[in-house]
Amino acid sequence: MTALASGSHRVRLASKRQHMTLTAQVRLVAVLALFGIGVGAILLRLTFIGVFGEQAQAATRSALVDPGRGDIVDRNGVPLARTINGYAIRVVPERLIGDRKVLAGKLAQIFPDTSEERFLKLLSRTKPTYLRHRAVPEEVNRVHALGEVGIEFPREKERFYPQLQLAAHVLGYVHPDGHGVSGMERAMDAELIDPKLRLTPSALSIDIRVQAALEDELGRAMKSYDAKAAAGVVLDVETGEVMAMTSLPSFNPNQFDASSAAFEANQVTYRFFELGSTFKPLTVAAAIDAGTVTDLSRRYDASRPLRVGGFQIRDSHSSGRWLNVPETLVHSSNIVTAQIADELGPERLQAVMRKLHFDRPAEINLRETVKPLWPASWGRLTNMTVGYGHGIAVSPLHLASAYAAMVNGGVYRPATLLKLAPRDVPRGERVFKASTSARMNQLLRMIVRDGTGRKAEAPGFRVGGKTGSAEKPGAGGYKRSSVVATFAAVFPMDAPRFVVLIMIDEPAGNQASSFQRTAGWTAAPVVARLVPRIGPMLGIIPDDRRDVDVSELMPLLWKAPVKAAAKTKSEDPA
Amino acid sequence: MSDLAAPAPAAAPTTTPGGPRAYTLPRNLSRRLGRSDRSQLAIWFWELDRVLLSLILMLIAIGLIAVQAASPATARRLSTATEILSPLYFFYRQLGWVIVGLGFMFVVSMLPKREARRLAIIMASVCLVLLMLVPIFGNTVNGAKRWIGYGIGIQPSEFLKPAFAVTLAWIISLRIKDPTLPVLRLSALLTGVIAFLLMRQPDLGQTIMFIGIWFTLMLLAGLSMQVVAAGVGAGALGMTAAYFFYPVATQRINGWLFGGGEYDQVMFAHKTLTGGGLIGTGPGLGTHKFNLPEAHTDYIFSVIGEEFGLLACAAIALVYFAIIVRVCMRLLDERDLFTILAVTGLTAQLGGQAFINIAVNLQLFPSKGMTLPFISYGGSSMIALSIGAGLLLSLTRRNPFEDRTLLGQDWSRG
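For the protein sequence lines, the chains are A and B, in the order given.
According to the UniProt record's numbering, the first sequence is numbered sequentially starting from 1.
According to the UniProt record's numbering, the second sequence is numbered sequentially starting from 1.
Read the hints as simulated data drawn from the structure, not as lab findings.
C-beta atoms are modelled at their ideal positions from N, C-alpha and C, and glycine is treated no differently.
Treat the hints loosely; a few may be bogus.
Claimed, not checked - Only some residues are given here: those of chain B computed to face chain A with a beta carbon under 8 Å:
1) Ile171
2) Leu174
3) Phe215
4) Thr216
5) Ala221
6) Ala314
7) Ala317
8) Val319
9) Leu331
10) Ile340
11) Gly351
12) Ala359
Unchecked claim - Incomplete in silico selection of chain A near chain B, CB under 10 Å:
13) Leu13
14) Arg17
15) His19
16) Arg45
17) Leu96
18) Ile97
19) Arg100
20) Leu122
21) Ser124
22) Thr126
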């Protein structure tokens with residue numbers, strides 16, 4: 001009985017166990033299904049976020065390296081303008097917990113340039129307010145250490161110019177709204193913010209080493225002659241690429257403020273000057289090209305001032321004799337140049353000036369260009385004064401491009417601030433015959449060897465060029481004391497590669513310049529110092545055995561007899 | 001109950017006639033772990049659910065990559081002016097914990113079923129005592145008293161979880177031997193005590209986990225559908241009650257329902273999760289993760305989303321699901337009720353915690369303060385999880401040559 005009972009009990013237990021196991025397994029399937037629903041919900045949600053999420057499109061890999069505005073580099077890839085993640089300091093007043101007055105005091109200690117009252121005012125606003133943009137990490141750490149939860153440090157895209165004031169006018173700067181205000185930042189604004197183009201840096205034609213040398217030498221000259229301003233440009237004569245361009249005084253585009261605004265104008269492109277005697281080679285070239293000057297040894301009367309109507313054209317340092325063409329340029333005679341221009345005639349001189357684009361704003365990528373002061377009526381007298389650079393005012397860049405056309409074989413090409421691939425170099429427009437250009441190269445070299453440009457000589461670099469010292473027009477005529485001293489140099493003269501244009505605005509003479517203000521004493525020495533610095537960077541190696549052959553023209557220069565040599569030597573370059 | 005096949009004597013060392021016994025290397029090393037190998041290790045290897053083991057190892061590997069991605073964010077957050085943590089500080093620590101954890105996992109997985117159960121019951125008892133001691137000796141972290149011990153703190157509730165699942169399964173399976181035992185009341189009492197202790201810390205997330213495990217096991221044990229429905233209703237009521245009477249829950253549910261402020265962690269988590277799109281920003285390129293509190297623990301899933309993309313997130317969810325499916329499918333031809341219950345409990349605990357964490361990251365649930373198993377950083381939890389995985393592996397071990405009948409066919413045999 002017991003055995004039977006226990007037997008049936010065991011059978012019941014066994015069946016019970018099987019039943020429980022089966023129930024458990026059936027319900028296990030239900031639990032599994034629940035988890036299936038769970039994973040389904042998770043996958044649906046992920047799909048939803050991935051496909052319809054607002055950030056899903058914007059957040060790509062490139063978004064992390066995307067600067068928002070493209071970098072600008074020089075022709076060798078040296079960064080000139082970059083976009084970095086800067087810090088801003090922002091206060092959310094409603095979340096401030098400390099005493100605002102105390103906090104303002106502490107902030108004023110960290111930022112001494114802002115007063116405590118000003119900070120208090122900013123902290124007392126109701127809306128979130130920026131206390132600072134472009135804060136450096138050190139400052140951010142100090143503010144953070146104040147322990148105020150109402151202050152936060154959002155990251156901001158900041159435009160950073162690692163070369164500071166170098167090439168400031170070329171680069172320009174960017175408004176906080178993210179658009180370029182001046183310089184290439186303005187000219188290339190569309191390309192720089194284009195999402196497709198901004199990932200690759202834009203290369204300028206500038207070589208920052210040349211730029212630094214130019215700014216250094218020009219700044220030194222400006223200081224030593226106590227000049228008002230100065231400008232300079234280095235231009236590749238074959239391509240029109242600007243290797244360096246500066247306008248002094250300069251500014252730091254990293255902190256553009258009211259004091260910088262006074263220097264914002266780029267004097268190379270945005271101001272025009274009567275550039276004076278530097279025009280004379282252009283007039284002579286036009287005359288040779290037109291065939292009105294066929295014989296360089298022909299002499300013109302420069303012994304007395306030239307009367308045209310009621311106007312007298314005089315030389316600043318009259319040689320008191322008749323001069324041939326090379327002597328005209330070497331001694332920079334206004335009287336003879338006026339006669340050459342007169343023989344050439346207004347139409348033909350005007351045509352050359354137009355071909356050199358003197359009648360329109362300088363051709364360059366910058367927006368800051370100015371239309372030259374083109375004579376309203378081109379009469380006989382105007383024609384003669386334009387011949388020696390008066391009565392017409394152009395920007396220094398105009399002149400540099402014209403010189404490039406004159407020395408490179410006679411082809412005008414627009415200047416550019418973008419690095420050009422060889423196939424992108426424009427074909428240009430022919431202005432002068434190649435033979436004229438070759439002749440001018442000889443004459444320019446002679447001016448530096450034996451004329452007013454002697455102080456521009458840099459041994460081995462075969463410098464040629466022309467001085468120009470134009471008196472500035474003021475109330476009641478030209479002012480003798482305010483001069484714009486210009487030197488338009490080309491090197492190496494045997495195979496011209498670069499134009500160097502130096503302009504010094506109102507230099508005062510000093511001991512080094514024998515108290516002279518004229519270009520031969522002020523601007524020319526800058527060229528003599530600058531060319532040996534930049535020549536090797538630009539691939540020009542000094543060589544004493546090379547030079548343009550001027551032997552056929554040298555006999556045309558009259559040399560005073562030995563007795564009078566001292567007098568000739570002391571002749572002032574003008 | 002002992003399921004381990006009697007260990008066959010190890011291959012006798014070769015003896016040369018007349019000469020001394022000389023030990024020689026096995027002639028063919030590849031025979032090792034081969035089917036003819038009769039060593040303990042080989043038997044363990046052949047009995048083990050190797051697919052399950054691979055899936056768990058895969059999770060641990062994913063976890064190391066994820067902690068490596070999240071480590072710089074937390075290291076930067078916790079660095080002070082005087083002490084700067086190395087960006088990979090948490091990664092190296094996690095690496096250490098993983099090594100220790102793997103040791104625990106393999107040792108526990110080698111235990112016979114009976115020993116494994118014994119271990120779980122002892123562990124549950126010890127942890128329950130520790131849990132009672134937490135209010136007295138515990139340390140307060142982030143406003144909750146959950147940790148015990150000095151120096152290396154341990155969170156008793158983490159260790160209690162796997163042990164609790166196995167213990168509960170044991171209690172319920174006792175009914176087979178004696179149907180008169182008040183199993184329901186006993187298990188409800190145990191769960192209630194634990195829930196009470198946890199709510200005192202307070203730790204709502206863990207409480208829900210424990211009640212969830214209990215409810216799942218009761219469901220499997222054949223609870224009538226009326227009671228199941230009542231349980232679901234009670235759960236909903238409990239959540240509502242928590243919303244009204246438990247301030248942290250109120251705040252979090254509000255944040256979930258109505259959207260948090262601009263600086264809410266939920267918003268930061270969402271930005272981080274979606275910051276990488278479908279394929280992610282790439283390792284180390286994430287930026288939103290630096291705004292995230294708890295980047296290395298509760299919100300590591302979002303960090304994975306930013307750096308490795310939403311597709312990687314989906315893959316991780318599928319790995320967890322694969323573990324659940326694998327375990328459940330094997331249980332369908334298991335005959336031992338205890339094994340079914342214990343393994344389901346362990347799996348439900350692992351999968352439930354993972355899915356709740358993922359759901360919180362995806363803003364499907366209000367934030368809970370729950371880690372992603374095997375992926376989130378944490379020494380205490382890594383070792384607890386490894387012990388749980390060890391128990392899981394130990395209980396799912398079985399003789400691969402045993403003839404098993406499918407569900408339902410059992411009846412025809414009588």
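Each hint, compared with the structure:
1. Ile171: Violated: closest Cβ of chain A sits about 14 Å from Ile171(B), beyond 8 Å.
2. Leu174: With a minimum Cβ separation of about 12 Å from chain A (threshold 8 Å), the hint on Leu174(B) is violated.
3. Phe215: violated, 10 Å
4. Thr216: Result: holds, 6 Å to nearest chain A Cβ.
5. Ala221: It holds, given that the least Cβ distance between Ala221(B) and chain A is near 7 Å, below 8 Å.
6. Ala314: At 5 Å from the nearest chain A Cβ, Ala314(B) passes the 8 Å test, so the hint holds.
7. Ala317: Holds. Min distance 5 Å.
8. Val319: Violated. Min distance 10 Å.
9. Leu331: holds, 6 Å
10. Ile340: At 5 Å from the nearest chain A Cβ, Ile340(B) passes the 8 Å test, so the hint holds.
11. Gly351: holds, 6 Å
12. Ala359: holds, 7 Å
13. Leu13: At 7 Å from the nearest chain B Cβ, Leu13(A) passes the 10 Å test, so the hint holds.
14. Arg17: holds, 5 Å
15. His19: For His19(A), the interface hint holds, since the closest Cβ of chain B sits about 8 Å away, which is under 10 Å.
16. Arg45: holds, 5 Å
17. Leu96: violated, 14 Å
18. Ile97: violated, 14 Å
19. Arg100: violated, 21 Å
20. Leu122: This interface hint is violated because 20 Å lies over the 10 Å limit.
21. Ser124: Since the shortest Cβ distance to chain B is 22 Å, the answer is violated.
22. Thr126: Since the shortest Cβ distance to chain B is 16 Å, the answer is violated.
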